[in-house]
Amino acid sequence: MSGNTAGRYRVLDFLPVLHGVSLNVGPGETVCVVGANGAGKSTLLRAIMGAQRVFEGRILFEGREFQELSTEKIVRMGITYVPEERMLFTPLSVEENLLLGAYVLNDGKKIQKNLEFVYNLFPALKERRAQAASTLSGGEQQMVAIGRGMMSGPRILMLDEPSLGLAPLLVDEVLDAVRHLKQEGITILLVEQKVHEALDLADRGYVIQTGRIVAEGSGDELLDSDMFRTAFLGI
Amino acid sequence: MDILVSSLVAGLLIGMVLALVALGLTMIFGVMDVINFAHGEFLMIGMYAGLFTAQSTGMDPLFTLPVAAVVGFLLGIICYYGFIKFVMRGPMVAQLLGTFGLMLFIRNLALLIFGSEDRALHHGILVGKSFDLGMGVIMPATKLAAACLSVVAFVAIWLLMNRTRIGKALTATSLNAQGARYMGIPTEWMNALAWGIGGGSVTIAGALIVNFWSVNPFMGLLFTMIAFAIVALGGFGSVPGAFFAGLVVGIIMEIPGIWDFFTYTFNSDWMADVPMTSLKYMWVYLAYFVIMVFRPRGLFGWRK
Numbered sequence: 001m002s003g004n005t006a007g008r009y010r011v012l013d014f015l016p017v018l019h020g021v022s023l024n025v026g027p028g029e030t031v032c033v034v035g036a037n038g039a040g041k042s043t044l045l046r047a048i049m050g051a052q053r054v055f056e057g058r059i060l061f062e063g064r065e066f067q068e069l070s071t072e073k074i075v076r077m078g079i080t081y082v083p084e085e086r087m088l089f090t091p092l093s094v095e096e097n098l099l100l101g102a103y104v105l106n107d108g109k110k111i112q113k114n115l116e117f118v119y120n121l122f123p124a125l126k127e128r129r130a131q132a133a134s135t136l137s138g139g140e141q142q143m144v145a146i147g148r149g150m151m152s153g154p155r156i157l158m159l160d161e162p163s164l165g166l167a168p169l170l171v172d173e174v175l176d177a178v179r180h181l182k183q184e185g186i187t188i189l190l191v192e193q194k195v196h197e198a199l200d201l202a203d204r205g206y207v208i209q210t211g212r213i214v215a216e217g218s219g220d221e222l223l224d225s226d227m228f229r230t231a232f233l234g235i
Numbered sequence: 001m002d003i004l005v006s007s008l009v010a011g012l013l014i015g016m017v018l019a020l021v022a023l024g025l026t027m028i029f030g031v032m033d034v035i036n037f038a039h040g041e042f043l044m045i046g047m048y049a050g051l052f053t054a055q056s057t058g059m060d061p062l063f064t065l066p067v068a069a070v071v072g073f074l075l076g077i078i079c080y081y082g083f084i085k086f087v088m089r090g091p092m093v094a095q096l097l098g099t100f101g102l103m104l105f106i107r108n109l110a111l112l113i114f115g116s117e118d119r120a121l122h123h124g125i126l127v128g129k130s131f132d133l134g135m136g137v138i139m140p141a142t143k144l145a146a147a148c149l150s151v152v153a154f155v156a157i158w159l160l161m162n163r164t165r166i167g168k169a170l171t172a173t174s175l176n177a178q179g180a181r182y183m184g185i186p187t188e189w190m191n192a193l194a195w196g197i198g199g200g201s202v203t204i205a206g207a208l209i210v211n212f213w214s215v216n217p218f219m220g221l222l223f224t225m226i227a228f229a230i231v232a233l234g235g236f237g238s239v240p241g242a243f244f245a246g247l248v249v250g251i252i253m254e255i256p257g258i259w260d261f262f263t264y265t266f267n268s269d270w271m272a273d274v275p276m277t278s279l280k281y282m283w284v285y286l287a288y289f290v291i292m293v294f295r296p297r298g299l300f301g302w303r304k
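Line by line, the protein sequences are chains A and B. Sequential numbering from 1 applies to the first sequence in the numbering used here. Sequential numbering from 1 applies to the second sequence in the numbering used here.
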């Protein structure tokens, strides 16, 4: 029985989700990937992180191919990923979670500096630093997840649906934080469901549909384009 | 009264050693949700390591601990990279049967290499000596030293887990392995390290136990079962739980001595007729059974 289940997972495992996706993010840019549920947005980010197998093609960072590297090495290169499930270490305190985000750093001063940066970005977390992450609200947990992603001082921050499951007020707060990071000059690759807000925030956007990039351009261009309407409304 | 106090003290002393035995089991479970059936075999290897190092170098058995720790650490790491890593891809049953197979393998390998006879240490500064703890309680010096050193080793490992960067990374891996990878933590190495530390701690316990207990290739299972009982009582994955549960199980193992005390006190004939000593381990398993039925979470709760 379990053998069969394992077999079935395997088939899914080898089923290519993305085909011919090509996108780039320039230094200091905020790029947004939008698309309907199941279009392959999260798969894309997981593939970049080495958590999903890449069968064909290349992924480059500063001219260096890295699709064969392990997730740990990719993080050390300076790419961090804030997963949609947040994946907090819930029994640990807020500060312990944040410090784990700086695992790849050895310089205590730098870690302290990044910690202050995160507490400035999300003052609410400073008040709750000693509290277990599990006792936080959904919005605060998302702040911990984003803050943890910033703790290693990444060259690229990849955010997967940061507004997922949050109340409207908190959505604004989280997206404001992303905007703040953008103003700080952080390079951001953002995947979002809240299409209008995300495209408004980003410098450029890509529309992904059933595993393919179907449109590319600035926020306004995309919102007006036909491809965009097809991808989301199926017209 | 002397017998009662002696039994309780002996129980606490052996309990401290047993806590160290169980520590590795609960740690490996905590980090990767695997129950290591070969845990007692690791202990047996630690006993042989201590014994042979002491015999071949003429060193005092108490100084063989570092050798045993290195042997156990390497044994754990080798078992992980050579075997456990692969069974982790399968379902839980594969891991259960896998470590069960590992147990049979190590046991038979030990039988092949060391032979089936009991071996014991006959020399050492503490062997054959005893301490008077007052109140008529006289304890073998080897047991006292083993208990103290077990506590030292236990505390050292607890500090490693709670106060160091590696400990934090191990904790993160145990809580959410994928999340830990996204932090840049090499989770594969963390798993191996859990096996290394788990193996090293139990072989230290083995090298302590060999000071007062003879070793043969079949003794592992008894300790695996005792360690299971301790881990179940303390809560799977809980380090402080393992310590207190170790003490409780140590005292449970001294029930025959306590029984003797009451036999003399009441001068009871039927009590004297009960073959308590042969039932020594039954109480441990009975406790295991009772815990599983009435408090499956253990005293300290599961890690997750």
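I should point out that these hints are in silico values taken from the structure, not numbers from a laboratory. None of these values were measured; they are calculated from a predicted model. Be careful, since some hints might not be right.
As the list claims (entries may be wrong) - Here are the simulated EDC-like cross-link-like pairs (lysine to aspartate or glutamate), alpha carbons at most 20 Å apart as the crow flies:
#	chain 1	residue 1	chain 2	residue 2
1	A	Lys-73	A	Glu-95
2	A	Lys-126	A	Glu-173
3	A	Lys-182	A	Glu-127
4	B	Lys-168	A	Asp-203
5	A	Lys-109	A	Glu-84
6	A	Lys-109	A	Glu-85
7	A	Lys-73	A	Glu-29
8	B	Lys-168	A	Glu-95
9	A	Lys-113	A	Glu-95
10	B	Lys-168	A	Glu-68
11	A	Lys-73	B	Glu-188
12	A	Lys-182	A	Asp-172
What the hints assert, rightly or not - Anything over 12 Å on all C-beta distances counts as not near chain B; from chain A, calculated:
#	residue
13	His-19
14	Gly-38
15	Arg-76
16	Glu-85
17	Leu-88
18	Pro-91
19	Glu-96
20	Leu-99
21	Asn-106
22	Leu-121
23	Ala-145
24	Arg-148
25	Ala-167
26	Glu-197
27	Ala-215
28	Asp-220
Note that beta-carbon positions come from the ideal geometry of N, C-alpha and C, so glycine has one too.
Given pair status - Asp-203(A), Lys-168(B), alpha carbons within 20 Å: At roughly 38 Å apart (the allowed maximum being 20 Å), Asp-203(A) and Lys-168(B) break the hint.
Minimum Cβ-Cβ distance from Glu-85(A) to chain B exceeds 12 Å: violated (8 Å)
Hinted pair Lys-182(A) and Glu-127(A), Cα distance within 20 Å: violated (24 Å)
Given hint Asp-172(A) paired with Lys-182(A) - CA-CA distance at most 20 Å: Status holds; Cα separation ~15 Å.
Outside-interface status for Ala-215(A) - nearest CB in chain B farther than 12 Å: Nearest chain B Cβ is 29 Å from Ala-215(A), so the label holds.
Ala-145(A) remote from chain B - nearest C-beta pair above 12 Å: violated (9 Å)
Distance rule for Asp-220(A), whose beta carbon must clear each one in chain B by more than 12 Å: holds (33 Å)
12 Å cut-off, C-beta based - Leu-99(A) kept clear of every residue in chain B: At roughly 7 Å from the nearest Cβ of chain B, Leu-99(A) sits no farther out than 12 Å, so the non-interface label is violated.
Minimum Cβ-Cβ distance from Arg-148(A) to chain B exceeds 12 Å: violated (7 Å)
Hint consistency between Lys-126(A) and Glu-173(A) [alpha-carbon to alpha-carbon, up to 20 Å]: holds (16 Å)
Outside-interface status for Glu-197(A) - nearest CB in chain B farther than 12 Å: holds (25 Å)
Lys-168(B) paired with Glu-68(A) [C-alpha distance capped at 20 Å]: violated (27 Å)
Going through the hint list in order, the structure does not satisfy hints 1, 3, 4, 5, 6, 7, 10, 15, 16, 17, 18, 19, 20, 21, 23, 24.
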